[in-house]
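Sequences listed follow chains A and B, in order. Per my numbering: the first sequence ends with 111, consecutive numbering throughout. Per my numbering: the second sequence ends with 1113, consecutive numbering throughout.
You can trust all of the hints, since none of them are fake.
Derived lysine-lysine pairs resembling BS3-like cross-links, with alpha carbons at most 27 Å apart:
| hint | chain 1 | residue 1 | chain 2 | residue 2 |
| --- | --- | --- | --- | --- |
| 1 | A | K42 | B | K1011 |
| 2 | B | K1057 | B | K1011 |
| 3 | A | K42 | B | K1057 |
| 4 | A | K42 | A | K56 |
| 5 | B | K1053 | B | K1070 |
| 6 | B | K1070 | B | K1011 |
Residues on chain A that point at chain B, a partial pick, calculated with CB under 7 Å:
| hint | residue |
| --- | --- |
| 7 | S43 |
| 8 | A96 |
| 9 | R97 |
| 10 | Q98 |
| 11 | L99 |
| 12 | G104 |
These aren't lab readings, by the way, just hints derived from the structure by calculation. Note that beta-carbon positions come from the ideal geometry of N, C-alpha and C, so glycine has one too.
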Amino acid sequence: QKEVEQNSGPLSVPEGAIASLNCTYSDRGSQSFFWYRQYSGKSPELIMFIYSNGDKEDGRFTAQLNKASQYVSLLIRDSQPSDSATYLCAVVSGSARQLTFGSGTQLTVLP
Amino acid sequence: DAGITQSPRHKVTETGTPVTLRCHQTENHRYMYWYRQDPGHGLRLIHYSYGVKDTDKGEVSDGYSVSRSKTEDFLLTLESATSSQTSVYFCAVRTSGGTDTQYFGPGTRLTVL
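All chains, full assembly: derive it from the sequences and hints.
In structure tokens:
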């Protein structure tokens, strides 16, 4: 059973702080990793993907991947109230390259 | 939004009735997926398609069937809806180019009474 685990949260951070979201996965052969943001009542929205060990930065977002530890994280710098949402970690698996999702971490950024 | 629409957006039905959800895409993507999302479970794959008339089962396929007669349309059918199929259903497409990136439609909220 391929699994993706996330901190269940909820996670609250003050405005301007760094939010750190974590994810572990069980399939050591996984190669592609994604972070989606989902606002209440909306569909998942792609934030970032990462394939290689190390850090990948895009604006205020940084994805970190450590394949040896089977660990993916998402850092949100200078958190804003508009970042309040559920963040979903997803891992590609299978011949159809389908996504296996974690159950998500709910983030609240307090003004 | 990768040109994805889903219909209907909301539906209330009764146990035992058949229900069909439609996913329509405008960008000619080969791969399409149906997921359901339930509290505490995240998104789980129901069925997927890798081309016209080519479909396969996902993690939670029991009670569901799919069809894809045209590239742009992927239909999900609940032959006899049950209350356990009350959920939010999302369609997704995978873009080409080797990135495995999936984009999601707006979702359909289905309630089975």
